[in-house]
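Chains as they are written, first to last, in UniProt numbering: chain A, 1 to 200; chain B, 1 to 200.
These are calculated hints, taken from the structure and not from any lab test. Take the hints with a grain of salt, since some may be wrong.
No distinction is drawn between identical chains; accordingly, a pair holds when it is met within one copy or between any pair of copies.
Restricting the straight-line Cα-Cα distance to at most 27 Å, the calculated cross-link-like pairs of lysine-lysine (DSSO-like) are [stated by the list, open to error]: (1) LYS54 / LYS40; (2) LYS160 / LYS25; (3) LYS54 / LYS160; (4) LYS40 / LYS168; (5) LYS54 / LYS18; (6) LYS18 / LYS160.
There are 2 protein chains.
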Amino acid sequence: MAETNALPLVLLTEQFAKLPGIGMKSAQRLAYHVMRMSDKDAEAFANAVLNVHKNVHLCKECQNYTDRHLCPICDDDRRDHGVICVVESPQDITAIERTGEYKGVYHVLHGLISPINGVSPDDLKIKELLARINSGTADEVIMATNPTVEGDATAFYISKLLKPLGVKVTRLAFGLPIGGQLEYADEITLYKALENRSEI
Amino acid sequence: MAETNALPLVLLTEQFAKLPGIGMKSAQRLAYHVMRMSDKDAEAFANAVLNVHKNVHLCKECQNYTDRHLCPICDDDRRDHGVICVVESPQDITAIERTGEYKGVYHVLHGLISPINGVSPDDLKIKELLARINSGTADEVIMATNPTVEGDATAFYISKLLKPLGVKVTRLAFGLPIGGQLEYADEITLYKALENRSEI
Chain A
1 MAETNALPLV LLTEQFAKLP GIGMKSAQRL AYHVMRMSDK DAEAFANAVL
51 NVHKNVHLCK ECQNYTDRHL CPICDDDRRD HGVICVVESP QDITAIERTG
101 EYKGVYHVLH GLISPINGVS PDDLKIKELL ARINSGTADE VIMATNPTVE
151 GDATAFYISK LLKPLGVKVT RLAFGLPIGG QLEYADEITL YKALENRSEI
Chain B
1 MAETNALPLV LLTEQFAKLP GIGMKSAQRL AYHVMRMSDK DAEAFANAVL
51 NVHKNVHLCK ECQNYTDRHL CPICDDDRRD HGVICVVESP QDITAIERTG
101 EYKGVYHVLH GLISPINGVS PDDLKIKELL ARINSGTADE VIMATNPTVE
151 GDATAFYISK LLKPLGVKVT RLAFGLPIGG QLEYADEITL YKALENRSEI
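Please take these sequences and the hints and turn them into a complete structure.
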């Protein structure tokens, strides 16, 4: 293959194949697509890649990606700065914002504690979270990490650090997903749904 | 969404979403992945995009993409320049080369005749094919366009132009795919397999 294809195309294919969820076949299709773009469109694409590295950094307050000093959520006086929702990644913020229900602010950890992958608490934005709590505006922290072993462990670790600071720490509710079917629910989800049942 | 995400990230997401087979969700995941790359890796990615436009052009002979004057196949004296395999796209060459059986050269049309999509014969590299035949080295042209309405029509159209030039024109064989099952074959494939049966 490398012998008959033009080297720049092979190199671009390799670049695409490094991206998550893209195999060699898709990568080749994408490389050929870029080849067929106009010069102007290819330049716009390359510039978009460079611009996220040039102009995007972490919000000083919540550690989400932003191109301003403070991200639009931290900079918004109508949001409730007394409630901080702690998430693993910026994508989780997008998901929660889609509900349209949450009016507080966020804190992005940029990962979860995972000894197996060599991620220790020091690699996450936990110090920054403690500093925010110590500065004193928040009275509730919602742990919204994923309901996985690592997500639970991270939530537990952080809650142990936060409680002595006198802040209320809560965790997202776990149970049956809306629209799901009992017979297809796994045992742990069903157990959680039973355990956390509420009166109607 | 656009309100809470950094603009450069939104722009990069839009760029990824323009690529074939990539929806908004995947595009966002890819944009965040690029954000997490090192500056050096992001630059390498952007340069790979720009380089295909700067350094890759069409082979003067077969119209495949190449970064040299002639592509490695046209430039190879060990290939049989008497047989030209006509394909729709450069990817088809990669597929045929994988068989390791074909020793001739290629000609890339860069599309198929398709009145519905406004693609006329003039938009394809047919003139270049006729010029190659007229220059006189080829004695067989294999029409290897896809077995679709447009692929068949294009093969038929080109064969009508080539026959008066005294060149042998052939078409790929159609029939049951190896490893396939009769009961799942569609009617047309099965009809072709019956029609083109051979003695054993």
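Status of LYS18 relative to LYS54 across identical chains (alpha carbons, at most 27 Å): Both ways: LYS54 and LYS18 sit 21 Å apart in one copy and 22 Å across, limit 27 Å.
Identical-chain pair category, LYS160 with LYS25, by Cα at 27 Å: This pair counts as neither: shortest intra-copy Cα distance 47 Å, inter-copy 34 Å.
Status of LYS160 relative to LYS18 across identical chains (alpha carbons, at most 27 Å): neither (38 Å within a copy, 45 Å between copies)
Up to 27 Å CA-CA - LYS40 versus LYS54, copy category: For LYS54 and LYS40, both the intra-copy (20 Å) and inter-copy (12 Å) Cα distances are at most 27 Å.
Intra- versus inter-subunit Cα pairing at 27 Å for LYS40 with LYS168: For LYS40 and LYS168, the Cα distance exceeds 27 Å both inside one copy (53 Å) and across copies (42 Å).
Homo-oligomer pair classification [LYS160, LYS54; C-alpha up to 27 Å]: neither (37 Å within a copy, 56 Å between copies)
In terms of the numbered hints stated before, the structure departs from hints 2, 3, 4 and 6, listed from lowest to highest.
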